[in-house]
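> The primary structure of each chain is shown beneath.
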Amino acid sequence: MTGQWFATQVRQEVTELAQVGEALRREERLGTTTAAVRDDFALLLRDRVRDLEDLPDGDWAGLDLLRARRIAPVKAAALAVLEGILLRGHPFYRSVTVAAETLLDALVEATGIGRGPLLSVADGERFERMAGLVRMRFPDVDVWGLPILVHELGHLVADALPEPGDRNARPVLFHLDRADDRLLGELFADVFATWALGPAYPFAVITLRARPDRFDDATRTHPSWDRRVWTMVAALRVTAELATDPLTAAGHRRGADQVARRWSTLNGLGDHPPKKAERDARGLVDLLDRNAPARLRFDPLGGLDPLVAALDAGTPAKGSPVEVVAAAWRWRLAHDEAKPAKLRNVSAAALRALDPADA
Amino acid sequence: MLDLLTVRMAELRDDVDKVKRVADLAESRHSRLDGIRGIRKEIRDGLLDARGLILDYRRGADAPEVEVLGDLDALLIDLDRKVDQAGVMLEQLNGSMIRLMNTDTLSVRCDAIIAELDRVEEGFRAGTLDRAAAWVAVDGLVDTTARRLFADYVDLLGGLTLRDTGLDDRVSELTDRLLDELAAPLRSVPARPAELVGGQSLGDLVMLWFPEWTIWDVPLFGHEAGLAWGHTSQLARGLLGDSPTPERRGLAADAYAAYALGPAYACAVLLLRMRPHSGDDVDRAYVILELLRATSGDGMAAAVIQEVADCWRGAVTERGADPEPGRRAELDAFVAEARGTLRNIGVFPGFDSAQWEKEAAGPHTALTEGTGSEATARGRLNAAWAARLMLTDPHDADAVRQIADAARALPWPRKTGPARDRQSGRPVQAPYGKR
Chain W
1 MTGQWFATQV
11 RQEVTELAQV
21 GEALRREERL
31 GTTTAAVRDD
41 FALLLRDRVR
51 DLEDLPDGDW
61 AGLDLLRARR
71 IAPVKAAALA
81 VLEGILLRGH
91 PFYRSVTVAA
101 ETLLDALVEA
111 TGIGRGPLLS
121 VADGERFERM
131 AGLVRMRFPD
141 VDVWGLPILV
151 HELGHLVADA
161 LPEPGDRNAR
171 PVLFHLDRAD
181 DRLLGELFAD
191 VFATWALGPA
201 YPFAVITLRA
211 RPDRFDDATR
221 THPSWDRRVW
231 TMVAALRVTA
241 ELATDPLTAA
251 GHRRGADQVA
261 RRWSTLNGLG
271 DHPPKKAERD
281 ARGLVDLLDR
291 NAPARLRFDP
301 LGGLDPLVAA
311 LDAGTPAKGS
321 PVEVVAAAWR
331 WRLAHDEAKP
341 AKLRNVSAAA
351 LRALDPADA
Chain R
1 MLDLLTVRMA
11 ELRDDVDKVK
21 RVADLAESRH
31 SRLDGIRGIR
41 KEIRDGLLDA
51 RGLILDYRRG
61 ADAPEVEVLG
71 DLDALLIDLD
81 RKVDQAGVML
91 EQLNGSMIRL
101 MNTDTLSVRC
111 DAIIAELDRV
121 EEGFRAGTLD
131 RAAAWVAVDG
141 LVDTTARRLF
151 ADYVDLLGGL
161 TLRDTGLDDR
171 VSELTDRLLD
181 ELAAPLRSVP
191 ARPAELVGGQ
201 SLGDLVMLWF
211 PEWTIWDVPL
221 FGHEAGLAWG
231 HTSQLARGLL
241 GDSPTPERRG
251 LAADAYAAYA
261 LGPAYACAVL
271 LLRMRPHSGD
281 DVDRAYVILE
291 LLRATSGDGM
301 AAAVIQEVAD
311 CWRGAVTERG
321 ADPEPGRRAE
331 LDAFVAEARG
341 TLRNIGVFPG
351 FDSAQWEKEA
361 AGPHTALTEG
371 TGSEATARGR
381 LNAAWAARLM
391 LTDPHDADAV
401 RQIADAARAL
411 PWPRKTGPAR
421 DRQSGRPVQA
431 PYGKR
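Chains as they are written, first to last, in the numbering used here: chain W, 1 to 359; chain R, 1 to 435.
Okay, chain W solo, but in the shape it has when bound:
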């Protein structure tokens, strides 16, 4: 009787996992999610079914452990994906979700890693490795937080970026596997976002997330804001050193100077990156320079003025997703005192520019 009862519960779990798979399969509004991502999820579910089938009859403790440690996270991830999809259909949330997809898809294509993240929401931005899930921050609905999502994408890139000529090598993961600095992964994600978006990313971090009362406090999972921002500044300087021509180098240096000036004005603690930030940035930028396609690198020579003017006027703005986000932040920096209504208008113009349907 006990064995039958145990088998019934195992079958129930298997059925539920199949239903999760079916729910994802039937969901036609997975946005621009690639087939590869769906396949990844299907493999994950199949793997858990195999775990269930391998359980010895009556191993209740094993079943509990499997449910808690292996199955529940998959179900939670699937639920998050479906929540994200439902929110995408919501009139209040659609624009920012579509914009995020457009931006992240463009960057995924530029990295050549072949698979994009799944999008969902949570109380704060984060990356969930198991399903490659990027959580957006609820209830953010404007363009300003998009650079933070690029940081989260950086975690996926760290896992998936191969070495040129060796598809199976994972040079970033290898570099980040350091017992003496467990927070280096966060710095890589910062450097990745800076590399791809230019100064727009550090400006977004400084403006939206950095805590003036906790400049120097690191947490268990994240380095201090001071360490993070100076690493971004140093990353821009190293990118300048690696530029192929003096003018591109000058463009990156200019971005670094602007970020450094703003940061040191805010906290008054210093005006240039500490040696450690320079060392970290050099290693991380070098990783991207050697392994990521050149097209991913932000071009500081591309003039954003026409885009900035269009966003300000609310007229149709044409540009790549990275240019639109960079232009929106450039506008915001030039209008520090902008009223909330104006910020909303410019954000709406930027989100329209990031919507393929509008384009």
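Dumping the calculated BS3-like pairs for lysine-lysine here, alpha-carbon to alpha-carbon at most 30 Å:
(1) R:358 with W:318
(2) R:82 with R:41
(3) W:342 with R:358
(4) W:342 with W:318
(5) W:318 with W:339
Among the chain R residues that face chain W by a calculated CB cut under 8 Å, a handful are:
(6) 299
(7) 300
(8) 390
It is worth saying that the hints were derived from the structure and are not from the lab. Everything numeric in this text was worked out from a predicted model, so none of it was measured. Ideal Cβ positions, reconstructed from N, Cα and C, are used throughout, including at glycine.
Given chain W, work out where chain R should sit, using these hints.
For chain R alone, coordinates are given in the frame of chain W:
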């Protein structure tokens, strides 16, 4: 008996007259060119008549020997093409020839010397001036005023020759276009370095140092145009005040040039001219860079300014000077006032970020294919400097020369011609020099 004082006075008068005649002759070069144009037209008309005769003959007879006239017609067509080519060369020559806008200004100094000579002669004859005083007056004229005049005019004629013969690589054409765009009543000629030439003005002529007579130096004319603006514009008076110091005039001219020419002015004046150990030049550089930072937006134009500023700052520090101006607040106020004033210039638009986007954002394409019917000299100069700073090795002399050659060789669009599509974008690799 021969009177040496009288001989010297006559000789001086004769020399000054000669200068006047040469100045007039210089201006008559254009009428001689017009004569050649007339002859060319007559040749073309004659060729057309001859071809008309051949056509009539061939229509009226079909004998085989008339067929030879077909060969003659082909010969005449070829001649016509060559005359056409000669016409193009003639127009190029005309373009490089300076037209002295006001020959009177060139004669003013001659007239002043003659007038002084008349006064000495009359006084000497009337007995109001004794021989000793007359000798002093004539020596003064010969040793200073006249000597400077003669030196200046030798320079002027040398400069005119360089322009007229095309030995200046069509730089004159570019400078004339630039000065026209700025509506500046000036013309330029190559000259010796400033410290070697006289201090007297040559009227509407601006002397640019030779041999640094290259497209890289052309933006320096912006400063001369700015000085002229300061003397003639009502707007400038508001910026300069009632009795401006030469220094304030210079700063206003720098602000004007930076506004009018954009980053190319900073490139030319900071990279080629200013002295990194000079406090005055540190102030000037500060005004130029701050004005440009306020007008050049972001992207490539901002990168050019950053590169020039970093290079300048490094050199100033290396020479042991302070790259920060001592009176920064005062200069900031001046820049703000200058921006407000310059925005009101209606004759031409400043070379701002929008202009940069149109003409210099794709510098390599701009220099090889042009930027359409609205192309300006300022656009070409900015594109050339941007292309130079984008070289993998900006010290590569061959590559720098190739950019200059491309900028000079590109024909100017016909002002009345149909608009061409604007070319933009950056090629993966610049088509100049070593890579």
